[in-house]
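J.: Protein chains in written order, with the working numbering: chain G, 464 to 624; chain X, 259 to 414.
Honestly, the hints are just simulated from the structure, not real lab data.
Take the hints with a grain of salt, since some may be wrong.
Only pairs whose alpha carbons sit at most 27 Å apart, straight line, appear in this in silico BS3-like list of lysine-lysine [stated by the list, open to error]: (1) 565(G) with 364(X); (2) 515(G) with 372(X); (3) 364(X) with 515(G); (4) 372(X) with 610(G); (5) 562(G) with 514(G); (6) 601(G) with 364(X); (7) 583(G) with 610(G); (8) 515(G) with 562(G); (9) 601(G) with 407(X).
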Amino acid sequence: MFQIERKKKNDMRSIKKYLIPVLLVIVGFNPTLKAQNDLQISRVFDQYGNKKGSVMVELTDEMLEGYDFSLFKSITISGNPQAADFIRKCLIKDETGAKKVKQVVANGVLTSVYLQLPRKGQLYRLILFNETFTPIEKITLIYIESKNDSEDVLKLILKKK
Amino acid sequence: MKIRIKNKISVSEADRLIEKYYEGLTSVKEEKRISEFLLQEDLPERYAVEKDIFGYFGQKKQKKVFSISPFIRWTGVAAGIISVVFCLHVLINAHSTNYACIDGVKTTNMTEIKTQALASLFGMSSKTNEVEEGFKNLDNHESVEQQLKIFSVAEH
Numbered sequence: 464m465f466q467i468e469r470k471k472k473n474d475m476r477s478i479k480k481y482l483i484p485v486l487l488v489i490v491g492f493n494p495t496l497k498a499q500n501d502l503q504i505s506r507v508f509d510q511y512g513n514k515k516g517s518v519m520v521e522l523t524d525e526m527l528e529g530y531d532f533s534l535f536k537s538i539t540i541s542g543n544p545q546a547a548d549f550i551r552k553c554l555i556k557d558e559t560g561a562k563k564v565k566q567v568v569a570n571g572v573l574t575s576v577y578l579q580l581p582r583k584g585q586l587y588r589l590i591l592f593n594e595t596f597t598p599i600e601k602i603t604l605i606y607i608e609s610k611n612d613s614e615d616v617l618k619l620i621l622k623k624k
Numbered sequence: 259m260k261i262r263i264k265n266k267i268s269v270s271e272a273d274r275l276i277e278k279y280y281e282g283l284t285s286v287k288e289e290k291r292i293s294e295f296l297l298q299e300d301l302p303e304r305y306a307v308e309k310d311i312f313g314y315f316g317q318k319k320q321k322k323v324f325s326i327s328p329f330i331r332w333t334g335v336a337a338g339i340i341s342v343v344f345c346l347h348v349l350i351n352a353h354s355t356n357y358a359c360i361d362g363v364k365t366t367n368m369t370e371i372k373t374q375a376l377a378s379l380f381g382m383s384s385k386t387n388e389v390e391e392g393f394k395n396l397d398n399h400e401s402v403e404q405q406l407k408i409f410s411v412a413e414h
């Protein structure tokens with residue numbers, strides 16, 4: 464009786480011992496998990512995406528203007544200077560290890576930046592941020608994941624329309 | 259020495275039941291209690307004979323446990339892994355739908371989504387060669403060489 468109970472306990476222990484690491488490996492190495500989750504700007508989408516005055520878009524594996532994006536995520540916020548400050552703080556953290564393709568600083572305040580992030584697996588990643596003040600204060604933040612080279616993506620999507 | 263097991267059977271009680279067993283007067287329940295008592299480890303040597311008699315049943319029971327347990331265990335582990343992978347797959351696919359959220363109102367209309375996506379991209383577009391210039395700025399080798407040249411001229 465006691466031996467059976469002890470065996471059951473040992474079985475449970477061995478299940479926990481093997482199952483938990485296996486699950487961690489599955490979760491940790493699942494390639495379909497969003498690569499943006501390690502970025503601070505994901506908080507911007509979470510925080511301001513559903514608010515009034517915001518337009519948030521998420522496209523997965525879709526063609527846009529002839530370009531194949533694995534993920535396209537954008538948010539446009541109008542008349543919310545606090546959001547702009549919050550985005551700037553997030554960008555300071557996210558630009559670590561990233562290449563700055565373009566940066567505009569007006570009166571000591573960052574108003575535009577294009578960041579080429581380090582690749583994550585097969586994915587090239589880009590962050591684009593722009594703030595305009597005319598006719599109204601408007602912020603645009605875009606996050607792109609693509610299997611194509613990020614320089615090509617930038618050249619294509621930022622050409623004058 | 260007083261040995262007690264989970265269901266509170268004492269040594270004297272066990273002795274009484276064993277005696278009853280030899281007389282052929284025990285019930286099934288009482289025999290079960292004896293066998294549970296005898297399954298304990300570190301019993302005094304005097305129970306060796308009874309252990310042998312009841313051990314037959316005990317071993318038979320254990321054999322059954324050994325033959326089924328690994329199968330159940332690994333089936334359970336495999337089922338757990340499959341369910342987790344399935345749940346993750348469903349969760350991620352559910353998360354990867356295309357949508358636009360305008361003033362807090364969600365839409366899944368693809369035309370509207372693409373229009374909004376292009377509008378946000380349009381907000382980023384600038385001079386035609388601005389991006390190319392940006393890439394050139396990333397490559398600082400030329401400017402470094404030019405600066406070094408100044409020093410080499412000064413030496414001559």
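J.: Taking the numbered hints from earlier one at a time, note which ones the structure violates and give those numbers from smallest to largest.
T.: 1, 5, 8, 9
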